[in-house]
Amino acid sequence: MMRKRKLFLSMLMAASLSVFTLAGCGGSREGSSSSTESATNTAEETADETDAAEEEGDAAEETAAGEGFEADATIGISLPWLGTQNWKEAQDMFTEQLEAEGFTALVQAADQKVPQQQQQIESMIQNGAKVIVVGPVDGTQLGSVLEEAKDAGVYVLGYDRLIENTDAVDGVVQFGSVRTGELQGQALLDGLKAEKGDGPYNIELFGGGPADPNAPNFFTGAMSVLQPEIDAGNLVVVSGQTDFTQCATEDWDNSKAQKRMDSLLAGNYSDKQIDGVLSPNDGIGRAIITACEDAGQDIPVVTGLDAENESVEWVWQGKQYCTVAKPTQDLVAKTVEIIKSLQAGEGMPAYEVKTNNGKIDVPIYELDPVVVTKDNAQEVFANDPDRLELLK
Amino acid sequence: MKTIKQVLGGDLRQYTMVLALAVLIIVFNVISGGRMLTPSNFQNLLSGNAYVLILALGMLMVIVIGQIDLSVGSVAGFSGMVMALAARDYNLPWWLAVLLALAIGAVVGAWNGFFVAKLGIPGFITTLGSWMMFRGLVIWISQSISVPAPEELRFFGAGYLPEWGPTFTGMNNSTLVLGLIGIVCFAYFQLKNHKRQGEIAGGVQDPMWAVVTRIVLVSALIGYFTWLYGSGRAGTSFPIPGLILLILIIIYHTLTQRTTFGRHVYAVGGNKNAAALSGVNVSRTYFLTFMNMSMLAAVAGILFVGRATAAGPADGTSWEMDAIASVFIGGAAVSGGVGTIIATMVGGLVMAVLNNGLMLMGVGSDKTQVIKGLVLLAAVAFDVYNKSAGRPSIIGRLFGSGEEKKEG
Amino acid sequence: MASNSLILEMRGITKEFPGVKALDNVTLKVDNDSIHSICGENGAGKSTLMKVLSGVYPYGTYEGSIFFQGQEMRFKNIKESESAGIVIIHQELTMIPELSVTENIFMGNEITNNGLINWHEERRRTVDLLEKVGLNIDPDTLIKHMGVGQQQLVEIAKALSKNVKLLILDEPTSALNEDDSANLLELMRGLKKDGITCIMISHKLNEIAAISDAVTVIRDGQTVESYEVVAGQVDEDKIIRSMVGRSIENRYPEHESHPGDIIFEVSNWCVEDAEVSGKMLCKNSSFNVRAGEIVGFAGLMGAGRTELMRSLFGRNFGIYKSGTIKIHGKEVELTSVESAIEHGIAYVPEDRKTLGLNLLDSIRKTIVAADLKKILSGWLLNPDKELAAAEEYRKALRIKTASVDVGVNTLSGGNQQKVVLSKWMFTEPDVLILDEPTRGIDVGAKYEIYKLIHELADQGKAVIMVSSELPELLGVVDRIYTIFEGTITGELPASEADQESLMKRMTVTSAA
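Protein sequences appear in the order of chains A, B and C.
According to the working numbering, the stretch in the first sequence is residues 744 to 1135, in order.
According to the working numbering, the stretch in the second sequence is residues 6 to 413, in order.
According to the working numbering, the stretch in the third sequence is residues 970 to 1481, in order.
The following block holds chain A by itself, in its conformation from the complex (with noise of 0.2 Å):
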């Protein structure tokens, strides 16, 4: 027994070690060839060239057409993380959307850790990839491997957020965040007309997560609305609170933000009524009107970002007064539209703006945002049989 376990062990360790070497050979002769490869050649050609474009200038860029790829091509999608319902709908409509145009979709998600993010980037240029489509978890840490993915030839496409701190990037989709801001502060602004009465009205203020570029322009936007408005004295902060350092929510994370409203509501409306926040998005907004309830305040106006299900079934009932709606639909169709393009050989499409990154101006594919509330929610849900069914 025992002799015969070391025998079959020993088999199985010369035999992995000859393995080994084999493999080494074989494994390295592909790697060697690997550069060499005609596809790839072609690929950093075109890079080349995009590169000669950018610098001849944006009109140069647009009719830099390449040669396209094979159209079952891999396309490389990395998403963030999977924790909010935006995000899991967005992987599945690229698996699905991507593979129905009959490409290969190599969808990956990154736990919000950049350290994933860069290694999975990393594997899909190994895959072959020829676009990568990237919703960054901090814009600005991608540097290196969107540089090796431009050096490998690969097209780089931001999705929802802006990639900063690089030239390797060759456009961004995304709502544009200033204007969901000037959304969101314009939504709050009728809603507290419509249902608090006169004012001067009690507002707070929230921020997103710092470390999404995006937080910020949410911010500012709102805030280009509602500071007249705070300044007019229509609207009093009771906290006092209006820096977008003091109201940001670390991580967008829900239950920092219900912590922050609790100590708000302890601190500064024990013999007040609040009548409106600003909320950035629907996950810390469900977590306002939770800690709202819970300090026996009467639900104030809260806006939102997102149209999770949650809270539409919550705008439908009255509870949360609004959330705008960013279909991933769109912006997914979007982005698939832009690699078709790219896939035939006919370059980036036409854009509107550009927005410096901190290295060069990326043309940005903005889309328009749309405000949710009860009135027009099912107007505005009528092509999307699983939120119509909320609205019951």
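Fair warning: there could be bad hints in the mix.
[Said to hold, decoys possible] One side of the interface only, derived from the structure: several residues of chain B facing chain C at Cβ under 8 Å:
hint, residue
1, Q148
2, H258
3, G369
[Claimed, not checked] In silico EDC-like pairs for lysine to aspartate or glutamate, Cα to Cα no more than 16 Å straight-line:
hint, chain 1, residue 1, chain 2, residue 2
4, C, K1473, C, E1061
5, A, K831, B, D371
6, B, K197, C, D1353
7, B, K277, C, E1223
8, B, K200, C, D1353
9, C, K1354, B, E204
10, B, K377, A, D854
11, A, K1102, B, E204
12, A, K1117, A, E1132
13, A, K856, B, E156
14, B, K372, A, D854
15, B, K277, C, D1320
Because the hints were derived from the structure by calculation, they are not lab data.
The model shown is predicted, which means the values in this text are computed figures rather than measured ones.
Just so you know, even glycine gets a beta-carbon here, dropped at the ideal spot from N, CA and C.
Put chains B and C on the given structure of chain A with help from the hints.
Just chains B and C now, with coordinates in the frame of chain A:
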């Protein structure tokens, strides 16, 4: 069988993990259709994991001494952030910013060390405190916004050995030289060791043919990896973070195995009271170990910022867990006193290769986490099973080297 | 002795470890209601035999058969042997210091009602059990507040709670003082009357002689002899002869000291307890040792012998209050163990496993551990010098091992102690303090250690030996100080001392 044993030489248990690593690499290479063993993938493997492996170097010593340091991730993030801010807001030259980051590591280490060594507070609690403190400080000083780092740091975090000399070698010449140095050093030390074994009474001398076979095999392995790293796309070669890691491995291997301080670390971890009665300054050993850990955390933070091109407010989150996992997969004991630098590096590489291979296969991060967790448990369970039962390891059994256990 | 029927018979037990035959065809027969002693050197196979009996080594891993109360037993684990009525009490006590007597006694066998512990019943039964073992304490007392002797009794109470029929005691008195030891032996006699058979493993021949009904001697994994004896009339020398396989004419080697100048002198040494402020561990202790002289310290456990020695060794214990140390006539301030070692003092602690050794280390690393400077080449430790040193001491002290690279945990007690001594001899001390240097090691190894102590003295070193065994002190040292409650109560040349005169000074504070 005895032949293989003679060729491998030394303690056979340490080969278990090396074997596991080799099997992993081969299996992934086959499954992924050869995408594992490519120059660029192995370059990524090193530059993408150097920061964790560097943390594991220090963590090994902390764990051997019977403590734990939970603050390394936060400290790495904090040092990196201070460096980036100093360079951006105070226009410090990049090298001064790097020195500042290292100094911060040293100061934080002294802080941790003070509580552990002088006040006798367990490392777990001390560093739990530091973990929170420095996580908070990173967010505080950065206003939670990422800060771009000086360009020069890219070289440390994601650079490659320079290109020079003739092209007929067909690969990057720096890498080639590095590989040759490796082979020569290995052969030199093997032969020197062989000669020494012969001279010392009581030493057992391996036969010459075994030594030569060992040299040939290892040279082939080094040669292969030299070629793998050197033959990638033009402009790439052996990565700089890999080189930094390599140098640190050599330094820390020597430090733990061949210096008085290293001995003291093992002595304190093995039996604190006996060490104290043997003239070991226990509290100084604790202090220096913690200080060293935080300095390495700063190094890891610098490399990471270099690669990421910016310091972010969430940098370092849960890095300590990856470092700790590497140490334990490498066979260190939770109770202290046991573990080596080399085994820890192998443990770290097992984790890295697993991560990398699963990503290449397109396995989601959820499932990857599950698999990594299982591997950690399996590795430690395997080790504990072997030790508690007093059995020779599978490898030991394989070569029939029964470890004899006398009854007391 | 009436020949009762056998309670236990172990037939032809053979147990092999890879490469070693730990037990070779061992036979053991134990009568009902008797006290059966098993003797043998450390490493002879006694513990292995008991592990086979109690199911630590399950059926199938050894050859031979076990009959208990007439039935063949095939224990798979300790639980099975315990339910059959065989309980083993290990040398190292296994109780949890932070828990109460009751909790420890019922640990693993809690009395429960619907999943909840029935405290009332447990406490009631604990009181009964404690009464049986003659312990008059509150069942809620925490174990950490009890002395070792009391703890030992609680262990026995725990065994009684399991309906024990055969109680195995492994070195039960090794950590006990004389009173507690006598108390324990008395208890064993009482148990015998209550129908509980005891197997006692011991090195203390006087105890074996005092209570045994039968003796079995094991050497090198084999039964050497087994015979019935009459308690109180046992030929100790006969046991020793069969244990070591040779006759030892004298248990203590002949030696004549040639004391030189006083090289170690302590005056008015005062040390306070670090945990209980105001409590003095050493009170105005003064003594001296000459070069080439062996000085013994006699005192009961807890008298402050170890505390005194450890506080002298770089203030390693307690809080230093006052007093001076002179080495070679020069006053020195030893504030750390390092400085004590630098000044040529070495201290071999009483507890080898917890204070003397890092059990994870190899022999070679242990031997050089107290003076790493000696094996430095530049900045680095030189493995060649280390190996050479280790080999030197292995040969000089005849440490029985295949290689100096094996772990110290694989050695027997005597060899471990030799490694500890090597470690301190390697520092080349002038003053060597040995705290219980022969505790827990067998007769043969003891003899070798005594000879080693004599050699060290002959080399001109000042040797201090602390021991609880008075015959040992009388047989080995030149001069004896007695100590009681932290005070040195007397000083006698060994030639003029006997056990009674020492014991008097160890138990009464001298009025002067």
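Verification of the hints:
1. Q148: Where the cut-off is 8 Å and the nearest Cβ of chain C is about 45 Å from Q148(B), the hint is violated.
2. H258: Violated - the Cβ of H258(B) stays beyond 8 Å from chain C, reaching only about 12 Å at its closest.
3. G369: G369(B) check fails; min Cβ-Cβ to chain C is 41 Å, beyond 8 Å.
4. K1473(C) x E1061(C): Since the Cα atoms of K1473(C) and E1061(C) sit roughly 30 Å apart, the hinted pair is violated (cutoff 16 Å).
5. K831(A) x D371(B): holds, 13 Å
6. K197(B) x D1353(C): holds, 12 Å
7. K277(B) x E1223(C): With a Cα-Cα distance of about 38 Å, the restraint between K277(B) and E1223(C) is violated, given a limit of 16 Å.
8. K200(B) x D1353(C): holds, 12 Å
9. K1354(C) x E204(B): With Cα atoms ~12 Å apart, K1354(C) and E204(B) stay inside 16 Å; holds.
10. K377(B) x D854(A): holds, 15 Å
11. K1102(A) x E204(B): violated, 64 Å
12. K1117(A) x E1132(A): At roughly 14 Å apart (the allowed maximum being 16 Å), E1132(A) and K1117(A) satisfy the hint.
13. K856(A) x E156(B): Between K856(A) and E156(B) the Cα gap is close to 23 Å, so the pair fails against 16 Å, i.e. violated.
14. K372(B) x D854(A): holds, 12 Å
15. K277(B) x D1320(C): holds, 14 Å
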